[in-house]
Amino acid sequence: MAGKVKWVTDIEKSVLINNFEKREWIQVTENEDWNFYWMSIQTIRNVFSVDTGYRLSDEQMVNHFPNHYELTRKDLMIKNIKRYRKELEKENSPLAEKDENGKYVYLDFVPVTFMLPADYNLFVEEFRKNPSSTWIMKPCGKAQGKGIFLINKLSQIKKWSRDSRTSTFVAASSGKEAYVISLYIDNPLLIGGKKFDLRLYVLVTTYRPLKCYMYKLGFCRFCTVKYTPSTSELDNMFVHLTNVAIQKHGDDYNHVHGGKWTVSNLRLYLESTRGKDVTNRLFDQIHWIVVQSLKAVAPVMNNDKHCFECYGYDIIIDDKLKPWLIEVNASPSLTSSTANDRILKYNLINDTLNIVTPNGELPDCRWNRSPPRELLGNYQVLYDEEQALSESAERDLRSRAGQPLGSKSSKASAAPRPSAATWK
Amino acid sequence: MDELSVSIAHIVQRLRGSSLHSQIERHAKECLHQPDIKLDSLKEDVRTFLKTTGWERKLQNAVYRELHVLQPPHHLSAPPEHLKEPLAYMRTAQACWERRVFKSLNSMSSELEVPLARMRPAAEQKDLTDKWNEMGTDESDLSRFRPVYAPKDFLEVLIGLRNPNHNSSDGVSAKSHWGLIQVPLNVRDIKQLRQTYAELSLTCGQLGIDDNAHIHPDLFENEYVQMGNKVVLEQNSAASQQYIRQGCPTELRAELWALTLNATNQPQDVMYYEQLKAGVIQHDLLVDNLVYKDVKLTASNDDYYFVFEDFLYQVLLCFSRDTTVLEHFKYNSATPPKSYIEGKVGDEQCAVFYPPNGVIPFHGFSMYVAPLCYLYNEPSKLYSVFREMYVRYFFRLHSISSSPSGIVSLCLQFEWLLQTHLPQLFYHLRQIGAQPLRIAFKWMVRAFSGYLSTDQLLLLWDRILGYDSLEVVAVLAAAVFAFRAENLMEVTSLASAEAVLADLSTLKVMPLIQIFLFATAV
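Same order as they appear, the protein sequences are chains V and A. Take 1 as the starting number for the first sequence in full-length UniProt numbering and just add one per residue. Take 1 as the starting number for the second sequence in full-length UniProt numbering and just add one per residue.
Please note that the accuracy of each hint is not assured.
[Unchecked claim] Listing some non-contacts, in silico: residues in chain V with all C-beta distances to chain A over 10 Å: (1) 4; (2) 153; (3) 332.
[To be verified] In silico DSBU-like cross-links for lysine-lysine, where the CA-CA straight-line distance does not exceed 30 Å: (4) V:320 with A:230; (5) V:322 with A:293; (6) V:276 with A:508; (7) V:276 with A:230; (8) A:293 with A:381; (9) A:381 with V:320; (10) A:508 with V:216.
If you're looking for bench data, these hints aren't it; they were derived computationally from the structure. From the three backbone atoms N, C-alpha and C, an ideal C-beta is built for every residue, glycine too.
Let the sequences and hints guide you as you build the complete structure.
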């Protein structure tokens, strides 16, 4: 080994530190010469800011992209997805196909969402179309369920805007405390009568070309209180929010399992009760929406070669087994609520490091970003744009050389979804 | 009368007056209006009609079900208690154990001043009706309640069992039995087991082995799943039971288990379940608290099953009110406890079974239901499958009997397999005071529920249903010891042996069973 990796972190979590120590890396302070910095999103802002930012050398690596918020801030994610759809539409891409109700067939994977206060009038228009619906208000820049509430009457939002004008709304006018309002998924899939959401981990090593990996060991987070869609319960946040940070305050919080159920349990349950085909379709769709969300932000992402990022995807499944992307977190919690949780998160970091710093050696930002299969651990390749391009080029070549008539049909069958081979 | 006609008469008597009987009768009457039913060939035509409309198959399945719970033909002059348990000392031991359990239930009732049963006031009834789907959120104080007994209490009773006609010496020799169970029952050796479990052999395709991701599905899985779809289409219990010996494809398991057990979910079954539910709402039973307590102590803390807490209440509370469960005491060595209306103790006229189904739940009881929650998301369906599993198999895991599927035989089977095939290990563990059965007993009492990962547990239960026997549970227990033998040889105390075997959730059961049965040198 050429030299030992010098690491820094501003997140004092044992799952990180144990992983660094296992590799016999050397801890340094942020003011010293470092190679690997696992940092919070506050710190990344400084690292890349115009005033204080430093030039990273080839042997330095950080765990965020400079403008990750294009994906991880709720309002920006929505904006980017909306733009992505429009662009595909303009290109006449088959992906942008719409059904008879004007909904995207393949790209309708986020609940209808508006920015507030900017899109207030649009929201009111939408609300009036369906006045019995429930909407969920979320501050754009906060995580872990903070500042979230539900509304089902226009008067509530008027009251909120009046009240907040005196307090947080001041900040809102500067754009920092803006809210998004999304149609609330009021028909979630219930298991054992309980509502849950999915937390999946996705690693991106480069956006252009896009290379991303799905972690196999995601989990379902269950509400500890029974789900009743009646509006009288609207105030009981425990029913609606599945974030562990919120659920921990519930009386029924269980410290053995922490309300977490593995994705393999979910798969077994769904295959047993609904069948294998629909279950496979659900998981394919989940993979699909993750890839599409990343493609939506890829053009605007600062694809800095020193960066990688491990995202926490939050997905809700409705009772028709359609997955909905709720939000993406740049700093998924590394706090362990249970023993199994600790093992999972330790392994998550371990597998992540194995990919981004192969063999635990000094990082080299010019690395080829094509780790051999045996290094993936519990990750599986979700999408590799390079490989997909070369595969489709190959296909084109073959079909052109082979049967000129067949090329049409092979194109038709390849669209609208890329071949499943990229994530299987 | 010969044995066959005894069986036929018995089954006819059982099915007469059943709802299946009246349904078939009604359809037969209705079909008389059809033009293709001719008067001169009436009998044949009606028969053909019942066959083509599937009623004959339903009747076959019902007969098949009765054949399963029907005991092997016995001597006509044998008294009914011999059907429960032929060995007198077993009957005595079971009766003695029951008295103990019921006594402790009664003293719990008087100490805590909680009546065995009471009518709920109207307000409470309404409250429970509203909360039926979220009983888990009820924060009633259960700290005063203790499980009536735990598996280890029951094990002590089994260890104390002796056959008065048999002299078992205490010395350790190759011929003597080194284990804790000291009653002479016939258990099988590996050669006999191989014959019985032929479909598990190395040459047969097997779910749980040959569906591994590294094996191409065309080699076994695809064709096997196709065959499974045909079995489901045929709706034949016997074919289904044969099929699941090699394992159920996940997406067909719910259907195949229900078919094998003939556990139907027709409108009358749903209605029956609703009646039981009404019974729960009307009356509060002391045993309900034992159910709540047990779920809170086991499933609610379990990574796999906590999600289903409310389903477990919905099944177990209804189960305790289900008097049709009493029928299984004809062939169960246990006898349902009786309680007397206040002030009339001893007056048989005023006696009622308590709880109404005659089954007192113990610590871990809810784990018999928990894995089934992965298969059925409708409470009434879940209920009927569980009840059938209970009256066919699970009751044998906590009553003292000489049945080959009974817990005593399973313990002995386990100990003999270990003593015969891993004598060094057995001897070592015995010397350090870690009798293997002390570790394996809790697995076997629960048929491994709560110890294995759910997918593996379901593969094991496939074989219980397929072979209509719990024997495979003892085989797996021995196979687990064999698998961990190397580590176990190094331990020096019961606690460290327990630690080696504490986590079974990573085990793959079918390879273990297959290797133990078919690759062990005989």
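Hints, one by one, checked against the model:
The beta carbon of residue 4 of chain V sits about 34 Å from the closest Cβ of chain A, which is more than 10 Å, so the claim that it is off the interface holds. Interface exclusion of residue 153 of chain V from chain A stands, the closest Cβ pair being 25 Å apart, more than 10 Å. Even its closest Cβ contact with chain A, about 20 Å, leaves residue 332 of chain V beyond 10 Å, as expected for a residue assigned away from the interface. With a CA separation close to 27 Å, the supplied pair residue 320 of chain V and residue 230 of chain A stays within the 30 Å bound.
Simply put, residue 322 of chain V and residue 293 of chain A have alpha-carbon atoms about 37 Å apart, too far for the 30 Å limit, and the pair is violated. Restraint check: the Cα-Cα separation between residue 276 of chain V and residue 508 of chain A comes to about 21 Å, which is no more than 30 Å; the hinted pair holds. Our distance criterion of 30 Å between C-alpha atoms is met by residue 276 of chain V and residue 230 of chain A, whose separation comes to about 17 Å. Note on residue 293 of chain A and residue 381 of chain A: the hinted pairing holds, with a Cα-Cα distance of about 24 Å set against a maximum of 30 Å.
A C-alpha spacing of about 21 Å is found between residue 381 of chain A and residue 320 of chain V, which places the hinted pair at or below 30 Å, so the restraint holds. Straight-line distance between C-alpha atoms of residue 508 of chain A and residue 216 of chain V comes to about 19 Å, which keeps the hinted pair within the 30 Å bound.
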